[in-house]
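From just these sequences and the hints, can you work out the full model?
Read top to bottom, the protein sequences are chains R and X.
According to the numbering used here, the first sequence holds residues 1 to 1061 in order.
According to the numbering used here, the second sequence holds residues 1 to 351 in order.
These aren't lab readings, by the way, just hints derived from the structure by calculation.
Think of the CB as a built atom: it goes at the ideal place given N, C-alpha and C, for glycine as much as any other residue.
The reader is advised that the hints may include incorrect statements.
What the hints assert, rightly or not - Pulled from the structure, derived: some chain X residues nowhere near chain R, Cβ distances all over 12 Å: (1) 132; (2) 141; (3) 149.
Stated by the list, open to error - With the C-beta cut set under 7 Å, the calculated list includes, among others, these residues of chain R facing chain X: (4) 254; (5) 338; (6) 449.
What the hints assert, rightly or not - With a cut-off of at most 20 Å between alpha-carbon atoms, the simulated EDC-like pairs for lysine to aspartate or glutamate come out as follows: (7) R:259 to X:99; (8) X:4 to R:474; (9) R:526 to X:130.
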Amino acid sequence: MTKKIKKVVILGSAAIKIGEAGEFDYSGSQAIKALKEEGVKTILINPNIATIQTSDYLADKVYLLPVTVEFVEKILKKENPDGILLSFGGQTALNCGLELYDQGILKKHGIKVLGTPVETIRNTEDREKFNNSLNEIQVKYPKSKAVGSVEEAHAFAEEIGYPVMLRIAYALGGLGSGVCRNKKQLIDRAGKAFSYTTQILIEEWLGGWKEVEYEVVRDKYDNCITVCNMENVDPLGIHTGESIVVAPSQTLSNSEYHKLREIGIRVIRHLGVVGECNIQYALDPFSEDYRVIEVNARLSRSSALASKATGYPLAFIAAKLGMGYGLHELSNAITETSAFFEPALDYIVVKMPRWDLKKFRNVSRRIGSAMKSVGEVMAIGRNFEETLQKAIRMLGTGAKGLVANEKFVTASLEDSLTKPSDERLFAVVDAFKQGYSIDWVYDLTKIDVWFLNKIKNVVDVCLRLNDGETLDEELLLTAKKMGYSDEQLAVVTQKDEEEIYKMRQEANIHPFIKQIDTVAAEYPAKTNYLYLTYEGIEDDYTEKHRDAAIILGGGPYRIGSSVEFDWCCVIAGKTVRESGKTAIMINCNPETVSTDYDEFDALFFEELTFETVREIYNKVDPEGFILSMGGQIPNNLAVRLHENGLRILGTETKYIDRAENRSHFSAMLDDLEIKQPKWKALTDTASALKFSSNVGYPVLIRPSYVLSGAAMAVATGDTELKKFLQAAADVSKEYPVVISKFYENAKELEFDAVAQDGKIICYAISEHVENAGVHSGDATLVLPPQRTYFETERQIRKTSAKIAKNLNINGPFNIQYIAKNNEVRVIECNLRASRSFPFVSKTLNKNFIEIATKVILGKKQEKIRIPLYDYEYVAVKAPQFSFTRLRGADPATGVEMSSTGEVACLGDNFHEAFIKALISVGFKFPVKSILISSGPVESKAELLDGIKALSDMGTSIYATGGTSDFLKKHDVPNKMLYWPLDEKQPGVVEYLKKGSIDLVINIPKNYNEDELTNDYTIRRTAVDYAVPLITNRQVAMRLFEALPKTTIDSLKIKSWDEYKV
Amino acid sequence: MNAKLILENGMSFEGKAFGAPVSTSGEVVFNTGMVGYPEALTDPSYYGQILTFTYPLIGNYGVPQETEEDITKRRWESPRIQAFGFIISNLSDVHSHWDADMSLDEWLKKEGIPGITGIDTRALTKVLRESGTMLGKIVVNDQDVDFYDPNKDLLIEKVTVKEPIEHGEGDKNILLLDFGCKNSIIANVVKRGFKVIQVPYNYDYSNIKYDGIVLSSGPGDPAQYIFMKDKINAFMKERKPMLGICLGHQLLALSSGAKTYKLGYGHRSQNQPVIDRLSSRAYVTTQNHGYAVDTKTIPSGWISWFENLNDGTNEGLWHKNLPILSTQFHPEAMPGPVDTGFVFDEFKRCF
Ligand SMILES: Nc1ncnc2c1ncn2[C@@H]1O[C@H](COP(=O)(O)OP(=O)(O)O)[C@@H](O)[C@H]1O
Ligand SMILES: Nc1ncnc2c1ncn2[C@@H]1O[C@H](COP(=O)(O)OP(=O)(O)O)[C@@H](O)[C@H]1O
Ligand SMILES: [Mg+2]
Ligand SMILES: [Mg+2]
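Structure (structure tokens):
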């Protein structure tokens, strides 16, 4: 035990982005718990305010500041800790840590890197060093060469022959990597790559080999274990984060399994990892030949998955090892046996990625060696068919399983099998439906025959039923064992779901509760980490809890629903337990803290579907459900659960429906004489056109009952309107399309609150920097409001109180308002926690969720006055976009949400908080050069003063044609750059590629979809070459005001509690 | 075809028959390893037992053909399936592996061994782990059979080789007393440059010249075989290097005066953690035993070499002044982790 370590800094992973999601909230939180157990003072640096790790009850101190060398160094100076943890905050923390080390900052302040030494990290991240160390122990890796220039890259590719794999050092999620089949592709890829890295790797392409991963743990005594192995269903060539993954491996023999295990241990010992790491292999499907693909010497997505898959708390143990413990000195919390052991599973786990590619215009749907998925789910079962079908439903994309979905449409089946996309699995299903053979599908996909056969088994049951075979008891049981949901069977047999459920009840066919115990029942265990399966004869868990609240989680992270809802769920669970009741969680997202079984009295790692939660409810017989914490998925179940007589805690269901159902809601607003945008629910185009011309364009088109504005759009004229109506139609047939008057140049505000018996207990009003028209999830939020009329706030308070009273709200709720010349209108109202609850709770230092949960449990709450005007600071929440990874997508914001995460920073004034927040999401500061194409004339005029100020302070201004002339006319010196289409020099694109521009301001001409190619190209190039981009006029203006008033030193290094009043 | 698993305590589990369509009986045991059914089923230690795999998906990668002459290349642990029956949750309907020659079902048919699938192996295991030993039978097509208690038989008699067999080349000869030896034990010794002479446990080896001895693993309650005591003590007097594995380890302990006892929870897995008390390094090991050497009774001449990190039970012995060592776990693995192959190196170092 390294005794002297008393104070430790932990680096977080900042905002959630593609490739770095909630898994690092999980690992960071575990690390903090582990260190606190040791009596170590913990200091967390992470601007992601929605995380659990930034809660006040975990780390001793939290800095909501950027995880960049500049900021971290200042914090280290201020705190002078003894040690630092780099491996719990993903690649963000790791890269920052390496830089701190290289610049001698850690040395200077005498700070010890706990766990894996920096040299080891370096030897895994630098591909050339890595390959050399593998050489030293005769371990095989793909023929490869690290190169520093496009020319070198091409030369080596010629040498080993195309196709080649291009990969990038110090990147994660396979950023920028991919197969290059010819010289052109190589030169293009390599060019982009070198814009954010100095080294790339060209290597032998092993597409089609099995991809296998091991999670390896090692302590400083050189004790070493592999906690879990995983096999990718999608063979090599598709990123593990994009692959369907099973644990444990299914097609490996004993000798293959242990050969790779032994190599893993040999490699990790040789590298000298101390803590947890992940090793990835390519395994030849036709021999025992193998290659080591990479080692991630840190906690990763896979290690979060492995922890949930096995019940082995990898991050927690890794932190302890970092403190100097040996594995043999620690114990397995579940069985109280030694932590030095390898879990034995008696179930199978399937992980599936969740993509949101449909949300982005012009983005390619193809998947490959770079990550595009925004989240994932994990399903547990006793056979592959059951588990895979569960996983598909857990994704919440509308798919009911492998079969019984909306018709899968594809130009060419062959293409969709050979060229993997987010829908390949359904192409496989289609192939079997059309009678193609397993071998045929194998040849096109290289997915192992074992997996294909299981998929076919599921399809066959469906075909049998299609051929009119009757669904008797035996077939029903078979189908359930293959993971068919009642709904699926209903669709296939043209019955309704409730009929199937009745049949099951008569035949007494119900799932059984099985326990995850890490030892496959060899010894007794006492966790309540549970799942359901139809393969069984008894329940492991038979307790009934009349006092239990079953909290429904948020499901997979996706655009519009992320870690913020996980925070709500965890806080709710904590509050339920603290009030002496039983807290039970249902969730299926391995990247979360809410799926740590010790956060609740019982955790069901299960589907959030009506069928499943009813089965669990019937077994547990709880007091009721809490539906208002996990976002829209639980909320959508309310009506159905209620109709079937299941108890729901909190606001009555009829009111939830009244708020969610637009016509009911709007009728209520009319009664209450509350203003709302003119709207109409329409079912045919003719009346839609008529309505729109009456209220006047632009209009907003939106389907009801959706979160994150799926398929919402603004139409500026008849033609657009027609186009969108088709699009909207296939999103949700049950509900008509709603068209409302779209208000331009209006302010948008969020009202987050908790009410009891219709009386508001506490509330917060946050203002958007952007005008209405930018989805609230993509908007920059400010609290307390800085530019809102007192009168507007007063109207909002009054209106909200009326609504709360009329919906007799008991729990959390959120109302969105637009305000224009002191007239407020209600956009929507959700009777559940909203995205901004962690933000307002932490900023105001009043836990809205804790209060809401007490209300839901029926505990009387006093009204809480929050004296906003006494707050000596301002908080700004900024969105994080992941456009870099979404090749082709247009990085412009609109009514459709497109950000993947968020950060929030505090400051003594708006400017400080705003700049800190922007730096946290990747803006360069100070800004030395800026490119402006300012769009419509009114915005040119608006931006003028700001641009003047910047140029006065010596920022070099570049501008595109129109803007340049305009600026010259108002004598602002600037350099004109040609539009991409002009193909003249000096051109915008070249300047961006050269990296001679720090910031791009590109204001789209309007909200409408078909952007001028020029604007699109500028935005896209900026994103591809990692140049910060602003596409919103208000944000640009605020930034122009802030920059002159801000210096690096004016950005104060204050921890969260230094702001608390 | 329907089949039933019936336990001596009266419990009965419905399932489907696979493999040979015959009924069988024996002692019902389980193993929590997630891979290695071909290796496990051919391990003579399972003779007379009906083996349950707790991992639910079995048969995925089929079964490799055993045609290898060279023992160091063999895929099976003995020439036949030794278990009397196989209990699983989910038999894979297809197998997929480059090295497979037949499906698990075909293999069991060929070998005349019945299997039962569709069993809640977790529920079963919870019963087995609590009952010290549990007899049971797989009844196929209602052809009932009597319970059979293998522990009443002299099991090593049934699994030992009939005639001496020589393996490998080397200037030093190792005499291997076969109590039901696994191929990979021999393979590991051969690979280290020895010639191994595998003899029946009760063979008269007086006119065999040997330089070291291996006491193999095997089935049954060690106390049953106390009659080996004199032989083993004679070996000790010869001061020749000697290695005992599993049953061999227990017999070595018994012969030198230690006692064995039945474990509350047997070790039936591939993830058993042991710590080397000499190097204080920990290793993951393969184990399959219900009896253990009582640490308190280990004679003064011995060091408790390995101990189990879970329950502290003895996992190995090393003699203080004789070149004699032994392990309760299986350093040859197969199936399981290969962390402890160095035990054979230690043995070699004794020469
Ligand atoms: N030589 C190769 N041939 C084919 N595919 C590869 C090769 N190397 C890596 N890949 C694929 O690219 C993916 C990403 O590569 P990896 O090194 O794991 O990057 P990351 O650090 O993003 O995980 C892998 O999951 C694998 O599917
Ligand atoms: N009538 C309107 N006028 C202007 N902007 C609007 C109007 N209605 C909605 N918006 C914009 O669209 C965004 C999404 O609308 P909203 O109803 O909140 O969808 P979601 O249910 O996805 O949150 C809002 O945040 C707001 O910026
Ligand atoms: Mg990887
Ligand atoms: Mg909204």
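To see whether the hints hold, each was checked on the structure:
1. 132: The claim holds: residue 132 of chain X sits with its nearest Cβ about 15 Å from chain R, beyond 12 Å.
2. 141: holds (19 Å)
3. 149: holds (23 Å)
4. 254: Hint holds; residue 254 of chain R Cβ to chain X Cβ min 4 Å, cut 7 Å.
5. 338: holds (4 Å)
6. 449: holds (4 Å)
7. R:259 to X:99: Holds: residue 259 of chain R and residue 99 of chain X sit about 15 Å apart, inside 20 Å.
8. X:4 to R:474: With a Cα-Cα distance of about 18 Å, the restraint between residue 4 of chain X and residue 474 of chain R holds, given a limit of 20 Å.
9. R:526 to X:130: holds (16 Å)
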